[in-house]
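Q: For this one, chain A is given, so just place chain B on it according to the hints.
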Amino acid sequence: MTQQQPKPAHIDWISLTLYVVFVLSGLLCIYASVFKETNPNIYDMDMNYGKQLLWIVISLFIALLILLVDEKLFYAFAYGFYGITIILLIATFAIGAEIKGSSSWIRIGGFQIQPAEFAKFGTALALAKFLSGYNINFKDIKVKLISFAIIGLPMIIILLQNETGSALVFASFSLVLYREGLPGWLLLGGVALAILAILALLFPPLNIIIFLGILAVIVLVFVRRTMLLIFLTIGIVAISSIYVSTVNYAFENILQAHQRTRINVLLGKEVDLKGAGYNVQQSLIAIGSGGAFGKGYLEGTQNKFRFVPEQSTDFIFCTIGEEFGFLGSLIFVILYMLLLYRLLVMAERQRSKFNRVYGYSLIAILFFHFLINIGMTLGLMPVIGIPLPFFSYGGSALLSFTILLFIFIRLDANRVNELKSFE
Amino acid sequence: MFLVLAFNYQILIISTLHLPCILFAIMESQIKQKILFGVFIFVALVYVIRLLTLQIFDDSYVRYAQNNVLQEQTIYPARGLLMDRNSELLVYNDNIYDLFVIPEQVKKLDTVSFCQVIGITKEEFIARFEKIKRQKGYAIYRASVFEKQLTISTYAKFQEMLFDFQGFFVDVRTDRKYKYSNAAHIMGYIGEVTEKTIEASNGYYRMGDFIGVSGVEKTYEKELGGIKGVRYVLVDSKSRTQGRYKAGEFDTAAIAGKKINLTLDLKLQELGEELMQNKIGSVVAIEPSTGEILSMVSSPAYDPNLFVGRDRGNHYMELLRDPSKPLFNRPIAAPYPPGSIFKIIMSLIGQHEEVLFPNTEYYCGGGFNSGGLHVGCHAHGSPLPLQGAIAVSCNAYFCHVYRTVVNNPKYPKVEDAYNKLYDHLASFGMGRKLGVDLYGEGTGFVPKATYYDKIYGRNHWQALTTISLGIGQGELGITPLQMANATALVANRGYYITPHIVRRIESRKNPNPEYNIKHWCSVDTSYFPVVINGMEDVVNHGTAYVARIPGIAICGKTGTAQNPHGKDHSIFFAFAPKDNPKIAIAVVVENAGFGATWAAPIASLMIEQYLTKKHDTRPALVERMVKGNLTHKPILNDSTATKTSAH
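Sequences listed follow chains A and B, in order.
Counting along the first sequence from 1, when you hit position 51 you're at 68 in our numbering, and nothing is skipped either side.
Counting along the second sequence from 1, when you hit position 273 you're at 274 in our numbering, and nothing is skipped either side.
Isolated chain A, as found in the complex (with noise of 0.2 Å):
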């Protein structure tokens, strides 16, 4: 009988380091963006600091949980914990509080759950599972549908819950597929899209078109012309017309009047420095006035004085750059790289293919909240409300992560103990 247990050499020390500096230094920049100089407690339970330093200890008792419990259970139960998150989707739209606009919270005593977060590592484990098992190939196309279904249920929900960032964290799979066979120009094709849907909404769409039209005569005049090739750009062409037509009028016709704002100011067709811009703006003021090495903790006036809006969540960023300046941002970057770095190469290591897939989900994750999450704070990304991994204030987001993280950490350890067992 193989010992169950990690031992703690086999856990690893750099994540787990990492997770625990990111988390503490999320809570002083909580407490940095809400405190007030006439109470400073940070164990007030009544500022976002106190009930953040709570959640953390919370997080921190399940994840001693996770590392406590026989790794097979994530194995076992891994559908069940997919059907319970989707469950939980759908409950909230009868039992969903109304917060901010969107309607995918539930209201427990005191604090708010956001099924939403949970249903990430739910989707990672179902999808993980999904992939290690027997006889499953990526290139059958049977493997491809239902793994793009494991990732688009809750995305769907998710994104009739009005919470389109949410949603979109699960685009963030893709990553994960294409690592266990999804071809590169499948991707390629998917960014070539996105930079389609961006040309799209900002010049009309006849011009878009002439110009892919332009483009492939050129294309076909310059390479040997074959029947296959002809076909092949011609067809092209006609689906990307298509395409931008539809990005338009989607962009004119679903998208609500805010959702439409924000991207055009992103885009920059708008300024709107009363409305959906103020926010980028005062986040924009925020780091750029941090300078090299940041104003010092705990002086940061865009900070202290509340103007850069939501600033404990989506904005925690914006204390980092304003109080610890272009260092700090430094610092921080550096840290998130290596603590992706550590787990791509703690998922290239597993033997398990389980281990792996759900080890990709993870990277991707947190790779995706990076992006969009520090691209929206220095007005590279649109405003979409996700959080800062471990960093931004929010119970459900801090837990979901811890969880996410620490599964894996439990994985790896006992990817020891999976090569005693071939014994």
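Among the clues, some could well be false.
Unchecked claim - Dumping the calculated EDC-like pairs for lysine to aspartate or glutamate here, alpha-carbon to alpha-carbon at most 20 Å: (1) B/Lys247 x A/Glu316; (2) B/Lys33 x A/Glu365; (3) B/Lys229 x B/Asp176; (4) B/Lys260 x B/Asp438; (5) B/Lys583 x B/Asp538; (6) B/Lys180 x B/Glu73; (7) B/Lys108 x A/Glu327; (8) B/Lys108 x B/Glu131; (9) B/Lys35 x A/Glu269; (10) B/Lys149 x B/Asp210; (11) B/Lys259 x B/Glu222.
Worth flagging that the hints you see were computed from the coordinates, not collected in a lab.
Quick caveat, the model's predicted, so the values are computed rather than measured.
A: Positioned in the frame of chain A, the structure of chain B alone reads:
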């Protein structure tokens, strides 16, 4: 140890068994891993470059952040107090409440309730904002005055709802309050700075600031105004004050205005204004030994408190439109023909030019007759020497004196002699500004030789042509201040000290060194006693007998200045006591008749008040003066600046 070895051994076996398969898998996965991490690093690099530009290369955000939180608040200093010579408080400060707006911070304003509280219509509200935007120095993040001088009840209501009116705040500052309604012309008033002043001040003054506009408030603006302080405060996104910027390191404290003691004697001033009520004219009283102005009455006067509060503009317009010109500061600006008091000056100049001696006698048979010219005189004994001629104010006598001065054979030409006379008069402070520390001093008018050249042609005029000058008529214009100053000069037997109104600034006595200098006139001091004796006779048994006060040796001279627009001006100037004079006074009552009727009693009562601190010994005289209403007479717009002729 063994375990590790066994473990490695295991790997080795597995690796060799599945080598080709695993190798391919590892290669492919490593590439994908690298591609993925490459994407991560790419994104991280883009963000770091963005951070570099935001935080290091572009420093505009530092400024934006400062604009967000830094608010510059002006601390207005308390304006200096004004007191009389006996430290009786005259002017102090009272709180006023101004409503300011920082347009940038006005958010979600409930315009309807705001307009209700302030008491304006919506149209006015919009117009007000338009006006603010047009003002100089307007900035969306800077405070501009929205409504001036809220009433206390509006202020209280506003304070209650302050939180609902983001971007608006009330600034408390002080306005002037005048404890007495006296001496309005001297103290002057304050008003809002003009655009011109703002420009000239290099940014010190801001729209809505107050500054002295007239009187002492204007001339001593620098001392009274103090220095504004600046306080930098931090505000949050709701523009609520969050504390000092860098613990007040860059703040400057406001320096309060200095306390000023005027030379005025409040009691004397009160009496003067009471006596002058319902009359048009001036009183100026000076302490001869110091040049300090003890009293300066300009009648009609106005209540200085009219220039306080939000209706100051309306009150100003009303006063401006009043035909009796209450805003006109007569004592220092209005020129009057001095009339007979000018004979005193001529007596001194005549002696100095050695054409007149104490025993010189001229015959008067009801006037001066020469070459068909006739200047009338009243009945009196004749012929008389100088002292007696002064006492009875003989016109004929002083026409002769004037003739001998101007037609003095000592000088080759008449104009040379006349110019000499002009210089003498200038040394008495006539025809030019004396340099009093009040705004709006007039020069008066003493014609120059060239003036007559223009009228009669050069060398075509002589003493007889301009004979009316000899008795203080004609083109001559002397301000009451110049009259009083000349009296002080006579009292000092030959010198004057420039009259001034400020006695002490804080503890510094006589702050202006200019006002310590004795200005000697060009007439030798030895010629004064006989003239002064004559002036004493005027009061003791001459034309101004009414002014006599037992026990006080008053030296004076009446004047009755003809003017073509109405009744003669009643003029009197005097000093007392004869030896070691304490007060020199000049009184002009327009269109009031003989000098002895109005001006002399007023001067006498004021001398009595000043020297004995009471004026109740002659109640009938006081009553006649106080009740005398001379304003029912037709008031002419240029009555103060009449040109009179002796004919």
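Q: Is it true that the CA of B/Lys247 sits at most 20 Å from the CA of A/Glu316?
A: holds, 11 Å
Q: Hinted pair, alpha-carbon criterion (20 Å max): B/Lys108, A/Glu327. Please report holds or violated.
A: Within the cut-off at roughly 19 Å; holds.
Q: Would the hint linking B/Lys229 and B/Asp176 be met if the CA-CA limit is 20 Å?
A: holds, 15 Å
Q: Between the alpha carbons of B/Lys108 and B/Glu131, is the straight-line distance 20 Å or under?
A: holds, 17 Å
Q: Below or equal to 20 Å on CA atoms is what counts here, so check B/Lys583 against B/Asp538.
A: holds, 19 Å
Q: For B/Lys149 and B/Asp210, compute the direct alpha-carbon distance and say whether it is at most 20 Å.
A: At roughly 11 Å apart (the allowed maximum being 20 Å), B/Asp210 and B/Lys149 satisfy the hint.
Q: Within a Cα-Cα threshold of 20 Å, do B/Lys259 and B/Glu222 meet the stated pairing?
A: holds, 10 Å
Q: Quickly compare the C-alpha distance for B/Lys35 and A/Glu269 to 20 Å and report which way the hint goes.
A: violated, 39 Å
Q: Below or equal to 20 Å on CA atoms is what counts here, so check B/Lys33 against A/Glu365.
A: Distance of about 10 Å is within 20 Å: holds.
Q: Keeping to a limit of 20 Å between CA atoms, is the pair of B/Lys260 and B/Asp438 held or broken?
A: Holds, because 16 Å separates the two Cα atoms, which is no more than 20 Å.
Q: Please work out if B/Lys180 and B/Glu73 have their alpha carbons no farther apart than 20 Å.
A: violated, 34 Å
Checked against the numbered hints above, the structure breaks hints 6, 9 and satisfies the rest.
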